[in-house]
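These protein sequence lines are chains A and B, in that order.
When we follow numbering that gives the first Met the number 0, the leftmost residue of the first sequence carries the number 0, and every step to the right adds one.
When we follow numbering that gives the first Met the number 0, the leftmost residue of the second sequence carries the number 0, and every step to the right adds one.
These are calculated hints, taken from the structure and not from any lab test.
To be clear about the criterion: a stretch of chain A counts as covered by chain B if any three or more of its residues have a C-beta under 8 Å from a C-beta of chain B, and this derived list gives those stretches:
#, stretch
1, 3-15
2, 22-29
3, 34-47
4, 55-68
5, 278-284
Every residue gets a Cβ at the ideal spot worked out from N, C-alpha and C, and that includes glycine.
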Amino acid sequence: MLIKLAWRNIWRNPRRSLVMIFAVMIGLWAGVFVASITTGLMEQRFRTSIQQQFSHIQIHNPDYLKENNVVHRIDEWESLGKEISENENVKAFTMRTLVSGMIASSNLTTGIKINGIDPEMEAQTTGLNENVIEGSYLAGEEKSPILIGRKLADKMKVRIGSRVVVTFQDTSGELTSSLFRVCGIYQTSNTLNDELNAYVLQQDLNEIVAGDMIINQLALICHDLDSVNKVALHFQSRYSHLTVRTWKEISPELSYMQEMTGVMMTVILLVILLALAFGLLNTILMSVYERIRELGMLMAIGMNKRRIFGMILMETLFITLTGGLGGMLFGIVTIRLFHFTGIDFATVGGDSLNDFGFDSVVYPSLDPSFFFTVTLLTIFTALITSIYPAIRALRLNPSEAIRKD
Amino acid sequence: MKMLFTLAWRNLWRNRKRTLITISSVLFAVLLAIVFISFENGSYERMIDSMVKLSTGYIQVQDVLYEEEPSIDNSLLYSEELKETLAGFSDQISYIVPRIQNFALAATESQTRGSLVVGIDPMSETKMNDLDRKLISGEFLQAGDDGVLLAKGLAEILKMHPGDTMILLGQGFQGTTAAGRFAVKGIVDLKIPEMNNNTIYMSLSGAQWFYGADNRLTSLIIMPVNPDKTHQLAAAIAKKTDPEWYKVITWENLLADLLKLMKFDQAGTKIMVMILYIVIAFGLFGTIITMMIERQREFAMLISIGLKRSQLAVISFFETLMISLIGVIAGMIASIPLVIWFRLHPIQLTGEMAQAMIDYGFEPVMPFSADPQVFVSQAQIVLVISLITFIYPAYKIFRLNITEAKQ
Numbered sequence: 000m001l002i003k004l005a006w007r008n009i010w011r012n013p014r015r016s017l018v019m020i021f022a023v024m025i026g027l028w029a030g031v032f033v034a035s036i037t038t039g040l041m042e043q044r045f046r047t048s049i050q051q052q053f054s055h056i057q058i059h060n061p062d063y064l065k066e067n068n069v070v071h072r073i074d075e076w077e078s079l080g081k082e083i084s085e086n087e088n089v090k091a092f093t094m095r096t097l098v099s100g101m102i103a104s105s106n107l108t109t110g111i112k113i114n115g116i117d118p119e120m121e122a123q124t125t126g127l128n129e130n131v132i133e134g135s136y137l138a139g140e141e142k143s144p145i146l147i148g149r150k151l152a153d154k155m156k157v158r159i160g161s162r163v164v165v166t167f168q169d170t171s172g173e174l175t176s177s178l179f180r181v182c183g184i185y186q187t188s189n190t191l192n193d194e195l196n197a198y199v200l201q202q203d204l205n206e207i208v209a210g211d212m213i214i215n216q217l218a219l220i221c222h223d224l225d226s227v228n229k230v231a232l233h234f235q236s237r238y239s240h241l242t243v244r245t246w247k248e249i250s251p252e253l254s255y256m257q258e259m260t261g262v263m264m265t266v267i268l269l270v271i272l273l274a275l276a277f278g279l280l281n282t283i284l285m286s287v288y289e290r291i292r293e294l295g296m297l298m299a300i301g302m303n304k305r306r307i308f309g310m311i312l313m314e315t316l317f318i319t320l321t322g323g324l325g326g327m328l329f330g331i332v333t334i335r336l337f338h339f340t341g342i343d344f345a346t347v348g349g350d351s352l353n354d355f356g357f358d359s360v361v362y363p364s365l366d367p368s369f370f371f372t373v374t375l376l377t378i379f380t381a382l383i384t385s386i387y388p389a390i391r392a393l394r395l396n397p398s399e400a401i402r403k404d
Numbered sequence: 000m001k002m003l004f005t006l007a008w009r010n011l012w013r014n015r016k017r018t019l020i021t022i023s024s025v026l027f028a029v030l031l032a033i034v035f036i037s038f039e040n041g042s043y044e045r046m047i048d049s050m051v052k053l054s055t056g057y058i059q060v061q062d063v064l065y066e067e068e069p070s071i072d073n074s075l076l077y078s079e080e081l082k083e084t085l086a087g088f089s090d091q092i093s094y095i096v097p098r099i100q101n102f103a104l105a106a107t108e109s110q111t112r113g114s115l116v117v118g119i120d121p122m123s124e125t126k127m128n129d130l131d132r133k134l135i136s137g138e139f140l141q142a143g144d145d146g147v148l149l150a151k152g153l154a155e156i157l158k159m160h161p162g163d164t165m166i167l168l169g170q171g172f173q174g175t176t177a178a179g180r181f182a183v184k185g186i187v188d189l190k191i192p193e194m195n196n197n198t199i200y201m202s203l204s205g206a207q208w209f210y211g212a213d214n215r216l217t218s219l220i221i222m223p224v225n226p227d228k229t230h231q232l233a234a235a236i237a238k239k240t241d242p243e244w245y246k247v248i249t250w251e252n253l254l255a256d257l258l259k260l261m262k263f264d265q266a267g268t269k270i271m272v273m274i275l276y277i278v279i280a281f282g283l284f285g286t287i288i289t290m291m292i293e294r295q296r297e298f299a300m301l302i303s304i305g306l307k308r309s310q311l312a313v314i315s316f317f318e319t320l321m322i323s324l325i326g327v328i329a330g331m332i333a334s335i336p337l338v339i340w341f342r343l344h345p346i347q348l349t350g351e352m353a354q355a356m357i358d359y360g361f362e363p364v365m366p367f368s369a370d371p372q373v374f375v376s377q378a379q380i381v382l383v384i385s386l387i388t389f390i391y392p393a394y395k396i397f398r399l400n401i402t403e404a405k406q
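One chain only, chain A, in its complex shape:
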């Protein structure tokens, strides 16, 4: 009976009810959508860092991690490489020779890490070839090509075809200098890193450093994130004297960034829920106010206060559920839509990002569990909000209320 009454009340004044339904809908949609954008942003940042910089797993000789010296090599790279390429969870991997040294042009000398790479493997793993903004990727046609970062190139005032001298210590501890020719300039999202890393052909570097093949680092990309730990554990147990690290160990900042985004998301959600709550509170208060005569009448003909209270709560519940359902559907539709088309941040001031190897388009996405949390929170907020106006309604004096114009 009370339920029926509440339901009819809602549709007796459809405009007012629709406004509240819309408010709940928009509130819920906003919460879900904002969360999905944040998740999308984070995923994009995460993907970029993993792809361009860290990979999912890195394998080193433990001494290399301590001393950064080229002599600490991975001796069994051949068998290890073969096993990795046969592992079904691994999408791509690359083997690098790493030498720390100095790079000098005619006007500047600075510190650098030389990465000796296999161009094909590197391209598959990190997509380095796509980050080349000038000149060409290490193609192997020229003699001793070197690929350097944009910032470093600017600093050293070198162009495509310029010669640079690279000085480092070979495996016997002797200082050697060698001439390289700049074949290309690259840029990733991490400018600081670009400044410190240059890429040369593995065979060129090994010829100078040792004469035979030296591998210091293996970087792996897995097909999906969930299998990373499994793969890491597998190779760690097979090669216990090597250090196998996952992205979490390589870059604690990445997981820190994820947590940070979580905190940000909570704060944003809180603010939106509060905005929703105050909007609703005022609307319901205003509507109780408007209905004084009606409520007074109900009291006068004998409806008791508990029932009035129940009726108002019930009305809010219906409105919230309808709005919540609508908001959820609207949210799902918009997220789906934008998930495929993406939101181009360039239009709201995020331009110039392509210079950094970032894609300025973000694809919102959301974890279903979060979806339901937001929905529950929204409905909960709306219900809590309606309690105060309902209490206000109880305080009405029927004889006065009924006479109000």
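On the provided structure of chain A, position chain B as indicated by the hints.
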């Protein structure tokens, strides 16, 4: 017109409850927008602040060519003339941090490593970034010292401990060879891996001797008394120095790459703020629509006793204006203690994230910004939103069907 205004004013206080409800809608909208933006901006401000303190400083005076070609050959002469010029600004300059830096090879018996050798004035450097607190073993550098400080990562690579000696070999001023034997005085943990693996600190005079660059600096950092006046100070200094020799650069240019990257995050924030405004607008709109339903009878009555619809619209506009203004101002005032409270008691972080921040030398908190600009801009935006929302009553007044509404 004056009468309409009086009518509007009286209307507001005739139905006090309704007015207060509407004002509170605006008030909370402003409050939330301010708190949200202050929270967002707080993170950016801290990031910039720490970058400025850790690396570039607010203003740098460099040789004209150094920015394009950061080689020691393009160092500037720290002349008496320059000192005098800067002394003229002594009331605006908090302190000055001179630096000379270049790359050199650091060699021990078995290891050779490229490293950044930075000549610093220990006193002012400490003032700028608390370098002395990062000391983990040995002793801190003193002015005029001939020893060196090694960054932790580099010390591990070279297997150096305080008391050991090492060779530095590099290029000095104008092609001279810089070479010398140096004792390791202490080891500092710079936290940031890229710096920790290649930095060596020397006293300024030691480095100038090493590089054969007497009285020369690669950059002269100026920390203003009031960082908000960085630009005015930089412009004033630039005017007084010879542009053929000196270039005065502010942190925005020095950190251009970082700022560009931050724009990406800010673009995300902008979208979120827009969504917040949508929610706020809907909250306000709901209140207004409900209010109009309630007031239909009153408006119909006024029109039927002869008030022109346009006059009624003007009255309602005045009401709107007053409600919005009161709400916005009250919201700004209410947000001040809230923002101050959050600034003094920032949100504490815990767990892995907090540890990561401590490792980077940050306090593990989410700071709030108290930039007055935040208050004003958000108040303006909400004022505009609320004025737009109040178009609805005016529209309603012109469309009102008197005979129906009076019932």
